[in-house]
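Undergrad: Now for the letters of each chain:
There are 2 protein chains.
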Amino acid sequence: MTSERVTHITKKSENISKWYTDVILQAELADYAPIKGCMVIRPYGYALWESIQTFLDKLIKQRGVKNAYFPLFIPESYLKKEKEHVQGFAPQVAMVTEAGGEKLDEKLVVRPTSETIMYNMYKLWTHSWRGLPVLMNQWCNIVRWEKRTYLFMRTSEFLWQEGHCAHATHEESLAMVRWAMDAYKKTYQELMAIYGIVGTKSVAERFAGGDKTITYEIMTPDGKALQGCTSHDLGQNFSKAFNWTVLDKKGEKLYPWQNSWGFSTRSIGALILAHGDDRGLMFPPAIAPVQIVIVPIFKSETKNNVRTYAREVAKYISKFRVEYDEREGETAGFKFNKWELKGVPIRVEIGQKEMEQKTATIVQRDTGEKQTIALSELTKTIGAILHNMQKTLLAKHKQFTELHTHTVDSYDEFKKIMKTERGFIRAFWCENPECERAIKQETKATTRCLPLNAIKEKGVCVHCGNPAIHRWLFAQAY
Amino acid sequence: MTSERVTHITKKSENISKWYTDVILQAELADYAPIKGCMVIRPYGYALWESIQTFLDKLIKQRGVKNAYFPLFIPESYLKKEKEHVQGFAPQVAMVTEAGGEKLDEKLVVRPTSETIMYNMYKLWTHSWRGLPVLMNQWCNIVRWEKRTYLFMRTSEFLWQEGHCAHATHEESLAMVRWAMDAYKKTYQELMAIYGIVGTKSVAERFAGGDKTITYEIMTPDGKALQGCTSHDLGQNFSKAFNWTVLDKKGEKLYPWQNSWGFSTRSIGALILAHGDDRGLMFPPAIAPVQIVIVPIFKSETKNNVRTYAREVAKYISKFRVEYDEREGETAGFKFNKWELKGVPIRVEIGQKEMEQKTATIVQRDTGEKQTIALSELTKTIGAILHNMQKTLLAKHKQFTELHTHTVDSYDEFKKIMKTERGFIRAFWCENPECERAIKQETKATTRCLPLNAIKEKGVCVHCGNPAIHRWLFAQAY
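Protein chains in written order, with numbering that gives the first Met the number 0: chain A, 0 to 477; chain B, 0 to 477.
These are calculated hints, taken from the structure and not from any lab test.
Among these hints, one or two may not hold up.
What the hints assert, rightly or not - Label pairs and their calculated CB-CB ranges:
1. B:E311 / A:W124: 24 to 34 Å
2. A:G328 / B:L123: 17 to 27 Å
3. B:A203 / A:G328: 43 to 53 Å
What the hints assert, rightly or not - Looking from chain A toward chain B, a few residues come up when the C-beta cut is under 7 Å (computed):
4. E97
5. A98
6. G99
7. G100
8. N140
Using N, Cα and C, we set each Cβ at its ideal position, and we do this for glycine too.
Assemble the whole structure, with the sequences as input and the hints as a guide.
TA: Encoded structure:
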């Protein structure tokens, strides 16, 4: 099944949010569902999620974390056990109040995150230090109610993985928080070719119920910041809320130290934004559902021979993810546009000349570069192009991010940048939530994070002038 | 993380349903959740589901079916579009009535199956024969409300895949219905070593809203029948209910022919029942999360050397799924019992003798057979044992099924068998739903299916004596 028609898409350079929606719908990545805030992930979009799952799940398993599955429904009373947690999530939950034809005694929350249901079970299962660490993850759907859908970015239901671990010491738990962010960074950079800044969230921006949140902040083409994923140090907050203790080696009671970390389908939104252009999507080869499309070009008298050769070529390079487009009723030019829109890294054109010379003409999606290669060299050449394209796309996104990151010491300049070109701003902040709120109100920019590699300096807050020791990263949230 | 304590399990030969629950809880496959009818799938149980997903997803993709993801929530009005469909599922649905702090205008059904939400989208996407066939599948969670949990077998929420395809002709659709059942049969037999009878459901037992249901009926050790999975010919019922037409090659309107097919975590219940014994679980090697456990046996003075050698052995056979159990505070005997309970196909014992002779002692979970093998031969020998064990377990289950399948022509005999030893009964049935109901009421046995390989014969209904042309398969449902 392929699209029945490719129509016009808005230029990315003209209106990025319109382009974003156009390209998702036209490339058949996703569509709106007939439920408020919900979307359907179509096969071409879901294949991206499958690539992410394969890549990340392997890293998770290598770390000794095991997959499990906890219920979709959480008793309302559980969500309420951790005070900040319920305050953070209550406004967004969907509630099941009837089931099996009866009104329920207690409302059930459709999970907005699974801390409370999981930790309740951890408590039942683990009573001694021998049972620690608990290292679990689940791949599942999550519901946080939204009034309006913004495809992939903001939807009432989304897919993610959520890792939830419990440890005997805070140190061990913190190591896990960092490990998870390293795995996410690897996924973003090596699979998705997306650069980002890793850092710690401010108190106002951190996870509801946690002590510390680490984030991966991604710059979008319009100079905004997209929170790519997060990893949370939960301290002992939840073990205390659930009154979960285990006996340590000395036989004394210990509240386990917990962490949680999640990576969601929102990342696909970042992927789309980071690499596309006016002609459509541009997927990095490592994650591209189709790495190479083969388009035969023929007149009616050469049709059979050209097609036979094109199929041979397809077999020849079958170690890559290849799609051979033999669809009738579409011109070659139409197909070129279609697959460019769909972001396929390499197009292979097979015509009479290629057939006669035993060659293939390849065109790169990123540069438009075109070359004709002997069949015997094809696998090697394509392999090298894909490898380089992957590296180049990451390098470009890194360069773009750095080019639009400003080190600013004057609040006037801060305001001016946020009004015009936007981007990331590195500025001293006193860490007072009042200043943070004021800056947000006046510039729409929020603290994105304190980068992990930030050095301690002597400075003054860009807003209030009080002493500050770190340059935080500011940007408008996507 | 492993269990903190292994306690007593009921003997399978004494009380199979008590054994079933004991073994699931003790082996840490799953646990009860604090929500009516819900369960938690623990890592050791979830690994089984991951094996099934890997095996079946590959078959699904080979057939050209692509994965997608549709919303968890279905507007109540959608479910109502197909009359029989809503009657079948309405009593079991869970309803979201509040979300984002507000009462919803229309109640949302938590999907009990996704026909209605998916076909609504198919209609929006596909308007011509060029868009057919639609070949889609999703792996997701499903909710059908249950008052009481029976772990894996009957739970308010379960996991499954649901394939949903649409075709230009009934023939093509029927081919897909059969293909799906072939893929399921392969999964049950080659991965799970579970024999079953493939056949067509009676009108009363088929899918609500479909024209025909094919099933895989599995015999449990107590002679009952477990419906392993189903594949449905939906005819044009849903395309008509949704008024979905596409233009065919002649430009005329065509209602697409649809089918759906599902395989769920219920299959894990069948797996547990089919192979275990009084000592616990017994997993076929192909699906076993751990294929080999290595247990070191030492005195304090040999501890270090034996453990070093055991770790070497583990590396040596790392092409298998190996667990090396170095856990402190448990005797070797305790570990033997623990891993037998957990159904690991092969135990490797490493003691001083093995260390000195560069050998390993291996014990089979199914036969208890014990042999000492030179390290150089170990991989080959283990490979052969696992291969044979897989085949033997399937053969045994097939033999058991055949041994407890009775060809019966007298209703007295029918009743007697169902009162005593149970099993499957092959008996003529007139295909009148009245007789079916009466038989169920009097014997608790239902029609399980008309086996695909049933031959047309001249007979009389075992209940009413009217003419009948086929022997149907009867059994008590698990």
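Undergrad: Next, verify each hint and record whether it holds.
TA: Results for each hint:
Between E311 (chain B) and W124 (chain A) the beta carbon distance is about 33 Å. The supplied range of 24 to 34 Å therefore holds. Restraint check, G328 (chain A) to L123 (chain B): a C-beta distance of roughly 21 Å satisfies the suggested window 17 to 27 Å. At roughly 46 Å, the beta carbons of A203 (chain B) and G328 (chain A) sit within the given window of 43 to 53 Å. Checking E97 (chain A) against chain B by beta carbon gives a least distance of about 4 Å; that is within 7 Å, so the hint holds.
Hint status for A98 (chain A) relative to chain B: holds, with the closest Cβ pair at about 4 Å, below 7 Å. For G99 (chain A), the suggested interface contact is upheld, since its CB lies about 4 Å from the closest CB of chain B, less than 7 Å. Here the hint on G100 (chain A) is kept, as its CB sits about 6 Å from the closest CB of chain B, short of 7 Å. Interface restraint check for N140 (chain A): the shortest CB-CB distance to chain B comes to about 6 Å, inside 7 Å, so the restraint holds.
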